[in-house]
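Novice: Chains as they are written, first to last, in our numbering: chain A, 1 to 164; chain B, 1 to 288.
Please note: incorrect hints may appear among the correct ones.
Which residues of chain B face chain A? A partial, calculated answer using Cβ under 8 Å [as the list claims (entries may be wrong)]:
hint, residue
1, Ala78
2, Leu82
3, Val83
4, Thr125
5, Gln135
6, Asn136
7, Leu161
8, Arg163
9, Ala166
10, Ala170
11, Asp172
It should be emphasised that the hints constitute simulated quantities derived from the structure, not laboratory data.
Everything numeric in this text was worked out from a predicted model, so none of it was measured.
Where a beta carbon is used, it is the ideal one built from N, C-alpha and C, also for glycine.
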Amino acid sequence: MRCLTIICLLCVATSSFAADDPEVHIEPSHLQGPRVLEKQTEAAAIRDYLQAWHSLRSALAESRSELLDASFIGDARDKLAATIVEQDKLGIRTRYQDRAHDLQVVFYSPEGLSIQIVDRIDYDVQILDHDKVITTQRLNVRYIAVLTPSEVRWRVRILQGQAN
Amino acid sequence: MTFRVALLVIAVSAFQAASAQGATMTLAESITAGSAFSIQSTGSGNAVLYIVGLGQVVRRDVRLGEAVNFPAGTLYSAGRYLVVLATANGSESRAFNVVPAGQPVALSFLAKPSRLPVRLHDGITGAVYVFDPYQNLITQPTPVLFEISTGSGTAQTRKVLTRDGAAWTAMDSTAREGAARFVAQLDGVSSTRVIQQVPGDPCGLKMTARQVGPKLVLETDPVRDCSGNIVFDGTIVTFTETYNGGESTVDVPLKRGVARVEMPAYSDARISVASGVVMGNEIRWRGR
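Here chain A stands alone, though its shape is the one from the complex (with noise of 0.2 Å):
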């Protein structure tokens, strides 16, 4: 009894990490800088992030730092490809699973170059090793992001947490 116990924990705590959409909530713009964020140029960004977070997962869980490219850029993109090799090394997998997302874009450059997003997220982390779950947990936490436009979409350059 207390195997199969078990193994129904496993099996719920397994398909707690399929694809859910997350819930979001999108707090108005309370921009700092003199450039107005139209409704689409925001709806893009937010769009893209959001993505971004559904490419993280991908990645980070099949172990596979090529799933970031079409999302991530630079320093943000640097570290979580090192990360993926890292964890590759010490047979890790780790699985983000983002539930609700609350968004607000804070800053819109001047230039209209960068857009800073704040996002506190309620998201659960498995890790496995050699895979076995050794633990899932819940975190929330505030993310700052900064999304830079490239040829058809915004990336995320920034990608960095805090305690909430």
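With chain A's structure known, arrange chain B on it following the hints.
Specialist: Same frame as chain A, now just chain B:
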């Protein structure tokens, strides 16, 4: 069914709690990026310590009851990390922050435009992001000094505190044409952009006329903007001659600050000159 699920959850939670009782750990709530730190555990036996964040992952085999020391440079990527102490009986988890090192060493400076007319209010804008030695965004408010200066030493300065690692300013272009240095600096770190300031639109136009044979030679005085800078060559000046119910118009680019054209010398012609929205003087030519 619901009751069974509830029982299951309670049982599993109790099991997990009991499992985790074997070992606990003590660590700081936050450490500075790049600094040394240690994690103290209780209990006995072997365990595995995981430190997991988006920026870095660390795994160590440890002995419970001993301090695990991490030398400087182990964790350098700022962010929120999960620390897990895993034993044969279960695991204990804690979260902690790696905060950016306080000393800024790099600025990302975005300035616009690279070329603009003189005396434009808030015409030059700059934005900076401030980074520590590990390319972490320094989120603590940090004063950034923006300065615009020209060869003549004219300077405007503005001090701005960063918010979430970013600061911006808007400044006026100066009265004199030429290159201006736009500098963002803090604590010995600076970044410079060169902004080319060009003359503005003509401020006034004055022309003279003289007859050469059957033609009138029309020529402007050197065309200047309102700050006295010679307006750029290539700026179009329009001469219009009205005579006996007819009208001729000639567009002439400035060359060395002056526009010059020849037009037929009709008696009683009225000749005007303009550039953009600026009208110059009018000449009534009565012939000689």
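Novice: All the hints need checking, so say for each whether the structure fits it.
Specialist: Here is how each hint holds up against the structure:
For B:Ala78, the suggested interface contact is upheld, since its CB lies about 5 Å from the closest CB of chain A, less than 8 Å. The beta carbon of B:Leu82 is positioned within 8 Å of a beta carbon in chain A (closest approach about 6 Å), and the interface hint is therefore held. Taking 8 Å as the C-beta cut-off, the interface hint given for B:Val83 is violated, the closest approach to chain A being about 10 Å. Satisfaction of the interface hint for B:Thr125 is found here, the shortest Cβ-Cβ separation to chain A being roughly 3 Å, below the 8 Å cut-off.
Proximity of B:Gln135 to chain A holds as hinted, the smallest CB-CB distance being about 5 Å (cut-off 8 Å). Hint status for B:Asn136: holds, given a least beta-carbon distance of 6 Å to chain A, under 8 Å. With a least beta-carbon distance of about 11 Å to chain A, the hint placing B:Leu161 at the interface is violated under the 8 Å criterion. Using the Cβ-Cβ criterion of 8 Å, the hint placing B:Arg163 at the interface with chain A is satisfied: the shortest such distance is roughly 6 Å.
About 5 Å separates the beta-carbon of B:Ala166 from the nearest beta-carbon of chain A, less than 8 Å, and the hint is met. Checking B:Ala170 against chain A: minimum C-beta separation of about 6 Å stays under 8 Å; hint holds. Against a cut-off of 8 Å between C-beta atoms, the interface hint on B:Asp172 is violated, since the closest Cβ of chain A lies about 14 Å away.
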